[in-house]
Structures are given as C-alpha cells and as structure tokens.
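Enquirer: Chains E and R, in that order, give the protein sequences.
Here the numbering used here is used: position 130 in the first sequence is 130, and no number is missing along the way.
Here the numbering used here is used: position 100 in the second sequence is 100, and no number is missing along the way.
Everything labelled a hint here was simulated from the structure, so no lab data went into it.
Treat each hint with caution, since some may be false.
[Claimed, not checked] Here are a few chain R residues that face chain E, going by a calculated C-beta distance under 8 Å:
id: 1; residue: L166
id: 2; residue: T419
id: 3; residue: E445
Glycine included, every Cβ here is placed at the ideal spot set by N, Cα and C.
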Amino acid sequence: MNTDRLTGFGALLLGIVLYSLAGDSEAYLFPRFIAVAIGLLGAVIAAATFSRVLLPTASTSGAGRAWLKSLPVLAVFIAYRWAMETFGFYSSAFAAFLIIVWLYAPEPLSYRTASKRIAISAVFTVAIFALFSLLLRVQTPRGMLL
Amino acid sequence: MELLQYFPDVLTPWHLAILSLGMIGGLLLGATPGLSPTLAVALLIPFTFNMEAAAALILLGAVYTGTVAGGAISAILLGIPGAPANIATTLDGHALAKRGRAAEALHYCFLSSFVGGLIGILVLIFFTPPLAEVALRFGPSHLFWVAILGVTVIGSLGSKSVVKGLLAGAIGLWLATIGYDPVLGEERFVYSDHLTGGINIIAALVGLFAIPQVLGMLEGAGSTGPTATYQLESHGLAASIAATLSRWQALAIGSVVGIFIGLIPGAGGQVAGLVAYDQARKLSPNRDSFGKGEPEGIIAAESANNAMVGPSLVPLLTLGVPGSPTAAVLLGGLLIHGLFPGPNLFTLHAEVTWTFIGSLLLGQVLMLLFGLYISRHSRLVMQVPAHYMAAAVTVLAVFGAYSVQNSLSDVIVMLTLGTGMYFAAKVGVSPAPVVLGIILGPIAEMNYTQGKLIAEVGEGMARYFLTGPLNITLIGLCLASVGYSLLAELRSARPRRAQA
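Isolated chain E, as found in the complex:
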C-alpha cells in the first residue's frame, strides 16, 4: 500500500480514536478540536493519494528495510533505562556507549579494536562524570554502582 495512503488513513483513525477518548468534559474542549483537525488532515492526505495532486508521493522504495538495523539499539534503549535505575547513571552510560559502539563498529573485532573501544567508552564516561557531577553538580540516577 502507498505509504501516504497508509499515513492518511492512520491519521484519520487516530483522530477518531482521540475524539472518542476525549469524552464531553469541558477540560477536553481543546483536545477534541485537535482530534478533529488530525482526522481532517488525515482524510486530506488519504484523498490526495487518489488524485496525486496535493501531495508529493512518498517513496515506497529506497530506504527499504534499513530500519531493521536499528532494532538492536532499540533493545539497548530499553535495557539502558532499566540499568540506570539498577546500577546508576555513569556505569550504565559506560555500558550503553560500549555496546552501541560494539554492535555497529565496522572494524572486525581484535584485541586492539576491543581495547580502543573500551578506552574511548571509559574516557567518555569520565568526561561526563567530571562535567555533570564534579563541575555542574547535577543530580543523576543512582543505583548499586556509580
């Protein structure tokens, strides 16, 4: 299916869902108005895909399945948030930095590249510790470690 058409119908559906969730309380006056706007704009986008006049058609090829490459880092995001609470900000920052670099580095793994990655991750962590905790004295999440 054309991605614009999908976007249009998706937005139309979102507008309908938001409007029905809003109820008739006075506090929802503004959100109801916005829900109508979202639905209408979605309808315009969907309609335009049939006439090909109002919108440039979004490419359905090109990027392809490149987004699949981002799945590991999405898992890192989820783990990072949990690790921050459990181990503390700086130790989890070190781990997250190292894992992302490890997962996406183009160079093949060797003793030298591994040492380099660990060293850069450590230097980065020390630098942010010096800036945020020592210089600015900003509060960061605390856990079992630093």
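For this one, chain E is given, so just place chain R on it according to the hints.
Expert: Positioned in the frame of chain E, the structure of chain R alone reads:
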C-alpha cells in the same frame, strides 16, 4: 549616559574573566543536547550565592547569551537543536553541514547571532521605558494570536508537504494536552504513571531530534567504511562576513521578529526563530532552497533568537515580568542578590544594572570571537565515526531528558517519542512541527481559556478576541501566513498535476 558611566566596571579583570568563562561555558553547555539556556542558568545560580551582585549577574547573563548561541552548534553539526530556540537553525544549518559546509554554516550562525544580539541589547539600552509599556499591553487575546501565528508557521517547517507538516503540528498540539488541564486541573489522556506530569518540552525536543539522528546514523554505520561521516570544505571568514551582510533582508527580518517576540512576556524565544525563519522564507527569492542548506534560513533564525535576548529582559528589569523562561530564572538570580525589578533598579541599583547591561553588550563580541574559534574546529565533530557519535548522543540525550526534572519518566517519554519520530520521518514527517505544536499548545490553550473567562464577564468573546489594533494586526499576520502557505502549495502542485 549612564551606560558609559558604568561601562568601565565591566572591564575590570575579575568581571572580564567571569564574562569570558560564562560565555565559553554557555557556548559549550548550549551545544549539549538537552541542556537548555533555562537549565544552564538555573544550574549556575547556586554558584553565584557568594559573589557580589554585579559579578553574579554578569556570569548569568553571559551563560544566557552563550547557551542561546551555543544551541546552534549541535543544531548545525548533529541536527539536534541544543534548545527549542534553535529548532529553525537545524533545518538549513544541518543540511549545509551535511554538504561539507559545517564551518560556513557556523560562520553564518555566529555572525548573525552577533548582529541580532547586538541590536537586541541596543534596544534594551535605549528603548526600555517605552517598550515596557508595549509589553504591558499584551493580554491573553494577543498571546493567543501570537500562538496561532506560530501554528501557521508549522506547515512549512521541514516536512515534505504543508498538509503533512500541519498533521505533525496537530499531533504535537495533542501531545501537549496530555497531563493535567491547566485551568480545570482534570487529568487528560493519562494512561500511564509516566504521563502524569505531561510531556516535558525539553524531553520531547531531545527525543524527537536526537533519537531519529542516532537511529539514522546507525542505519548507515558498519557498512560504509570506518571513519569520516561527511566530506568537508574549508570556507574563509571574510567570504562568510560578505555573504552574511549581503543577506541583510534575512538579518533585518530576524532582528525585528526577535525584538518583537522577545518583548512579549511568555511567548518564549523558541517562537522567535521559527517565525523569523518562516517570514524570511516567504519573502526570499531563494525560498525553494530553504530546508536544503539555504544560508538565509540560518541567518534569519539565529539573528532572531539572539535579538530576543535583550528585549526579553525589558519586561523583567522594568516590571518584574519575565519575557522568556530563561528570563524567569534570571529573575530568581536578581532576587537572591536583593535586586527587585522595577524603576528603582535603574536608580537605586544603577551601578549593578548598567554594569550587567554593559556586560551583555561586550558579551556579544566575546560570543562572536569564541564562536568563530569553535567553528574552526567543527571538522573534528564532523569526522567522528557514526557509531561513536551515535553512542555519545544517546548518553547525552538520556542525561538531557533526565536532568530537566530528575525524572526517569521523562527518559521513557523521550525514547518513546524519538523512536516514533524515527518511523514517522520515513513517511516524510519532520520533527520541527511536532515540537512547535508541543510548545504552542499550552500557550494557545491557556490564553484562550483565560481570554474566554475575561470576555464572558466583560465585552464578549468576539469583541475581546477580534477587535483592537494589536488583535487585528496579529490576525492579519496569521491570515497572510496561511494564505501564502496555501498559495505556495498550490503553485508547487501545478507541475505535479501536469505530470500526472
């Protein structure tokens, strides 16, 4: 003139050292995604407790000026605005940097920031009393129309079409309604404990810009060779100065819009850059190249958000009403040192006040010098391998989102919005309209509701919102903005129709 009388106080070695340190620190903090000017100034207030009042205000003023300008560094080099005020800079600044012209983009940024900032401070020096009266005239109906003017800009901000831009903006407006209703206090769309406090603007800004950048970098990482992300071209400073001055219309638009928006209490500097960018685009013969690395876009946006700094202090210093969130934090800095805003500030505490204003003036020169120095080293950032940059941005984004309210909920919101934006970008939606929606939503809703309450006990809705010279001027600007956007969309649709 009093400024000249007290200006030598700025030039004492201690004050010059404080000013330079504050400016360098501000530029670097501003370049850190998530560390907004407001947060940076707030973080530094405890450091000023034991300083004399003039030195404390010089430090806070320098950090304020530095962070506003510094936010453009990450906007240009990484595509992640350091603060909401730099959103518009991202659109053309990062596009130019991706073409290998990062140093040139930073030159435009700091030169136009200098011009805009200087004009803004001169306005603060020479026109404070009459402008304070203008600032006082802005009521809820006018602020509502200012927010609507911002909404009309939404459609043209980076998305592939006006309709998609408006849809993204509407989604941003909806996101802003999550949490407690500002007037009735009723919960809205709170389906998780993490959403009780609503969507924090800085967390949203960081997530919507930084996370798609991280994911985008990692999409290409690992397969394209080991090092440089972009090819780099060198660019002479003299050529950049000539190019900036030759685009005087963009400078003028940016400065005027920045002064006007800065004066309005509560409008916020973030709106200034976006409105100036939009107006510059509409009036430029190169309008089709906006969003693709057009220098005029950078110049208009940066001159506006720096021109806003001086005027935003007018209502603060004369009336005690802050013109921007950062000015509100500065108000705290004033009060801590026993300085109460109002006419007495310029008489009883003239020495401190004029030394502070003088330091802002000198600060513009230092900002230009330090900024241009940083520009020379921009290639270092652009040559960091994508996987290292992505890892660093991820950590800084998480810190930026957390540090605003010391809340892990903000981190979750940031990561969720960012991941959603990454997929939305695949269908041609830009993050800028979403962020603008989140910024403008509360301003529009709050002022509409307040205006409605005032109108109901007084002259009626239509008369309150639609009459008076300020209302009519703002409505006229809104209509002109919408009319132009529709005209431009139809004009660009004509060739597509012919092709079809």
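Enquirer: Next, verify each hint and record whether it holds.
Expert: Results for each hint:
no.	hint	verdict
1	L166	6 Å, holds
2	T419	6 Å, holds
3	E445	5 Å, holds
Comparing the model with each numbered hint stated earlier shows that all of them hold.
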